[in-house]
Amino acid sequence: MKIRLPKEAPLILVIGGINSGKSGFVNYLHPDGEGARSATGTQPRIIPLQMGQELVYVVDTPELDIATRSENDIFEEMTRFLGIQHETGCKLRGVIFVHPITQPTAQGSEPTCLRMFQELCGVEASGSLTVLTTRWDEVDIYVGSQRHQELLSALQGAMTGCRTRARKFHPPSASLAQSLVGRVFNNEDVVLEIQKDVMSDDKALSETAAGRFVIGKLNERLCRINEDMATLTKGPGRLAGSDNSDIEGGVLAIIADLQANVASRRRLGIAIRDQVQRVVREKTRRKLGPSKSSIQRFSDAVGWSIAAATQKPTGT
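Mapping of the sequence shown onto my numbering: residues 1 to 316, in sequence order.
Worth flagging that the hints you see were computed from the coordinates, not collected in a lab. Every value quoted in this text rests on a predicted model; they were computed, and no experiment measured them. Treat the hints with care, since some could be wrong.
In silico BS3-like links for lysine-lysine, alpha-carbon gap of 30 Å or less [stated by the list, open to error]:
1. K168 - K283
2. K217 - K234
3. K196 - K217
4. K91 - K283
5. K292 - K91
6. K91 - K196
7. K196 - K292
8. K203 - K283
9. K203 - K91
10. K283 - K196
All chains should be built: construct the whole structure from the sequences, respecting the hints.
Below is the structure:
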């Protein structure tokens, strides 16, 4: 049975990398979906979900290419997205960051991205961030449990006063997915630290806590670039006329890395509030009248459709 959508209802953002299990989790929430049919590359969607007598919009965001994209690129993309959500007037109830338990806590780019999201939320709003571990069927249960505990310890140790929770999506089911969303729904509406800094205070990206975290990563990368250059130049001298193509190729790669590093720092020095406000105005002014809801403004601003809502009993 179709239900009438209220004009205002909070959002829960679901965020994760490629093959994280994010869309599989969201499919369990969809009125006619099943997690087992999830596939990489699912289109972003806004799903109205009935929670008792109230409604929440679960936003299945685009999969992040965490493995190949830089922290700076992901930081900029997510900051602009969170700025749009704030500017359209949509209330935020919480963020679910989907983390595959197949990824060791201390290795790879996934934990770094997760730490960045902690900084995006900030200490005050850290309780609004839930880390959801998935893909438990692909690891030994003992290994998975150990990694889950390591992840929780890492989250709490990285930020004093952190209230971020780590929860298991195992074994996956519609009832468990709804229960996990219900826990987040029971939070109070929240404004993330990055939204206050960028949208309310008009700070440059580099002046935010998450921006400083990203600059730290750029500094680490710069040190590695310098080490690579030192290694390349301290080898034995080449004879005149010999093939120096390997050295030339290495130098060109180092120069490209250095240019990317400089460009990233330059972009971090920009305040983006005016850009975000302009995007929202341009995307919504032709379609929306004064009586339209914030969720419709958000939908038009990001270009994602709102799924049809059907009555489906869920628990809070």
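These are the hints, each one checked on the structure:
Taking the CA atoms of K168 and K283, the gap is near 38 Å; set against the 30 Å cutoff, the hint is violated. With a C-alpha separation of about 26 Å, the suggested pair K217 and K234 falls inside the 30 Å cut-off, and the hint holds. A C-alpha spacing of about 23 Å is found between K196 and K217, which places the hinted pair at or below 30 Å, so the restraint holds. At most 30 Å may separate the alpha-carbon atoms for a hinted pair to count; K91 and K283 meet this at roughly 19 Å.
Taking the CA atoms of K292 and K91, the gap is near 15 Å; set against the 30 Å cutoff, the hint holds. Restraint check for K91 and K196: the C-alpha separation of about 14 Å stays at or below 30 Å, so the hint holds. For a cut-off of 30 Å, the pair hint linking K196 to K292 stands: about 25 Å separates their Cα positions. Annotation: proposed proximity of K203 to K283 holds, straight-line Cα distance about 24 Å (limit 30 Å).
For a cut-off of 30 Å, the pair hint linking K203 to K91 stands: about 21 Å separates their Cα positions. A hinted pair counts as satisfied when its Cα atoms are at most 30 Å apart, and K283 with K196 qualifies at roughly 23 Å.
Hint compliance for this structure: hint 1 alone is broken.
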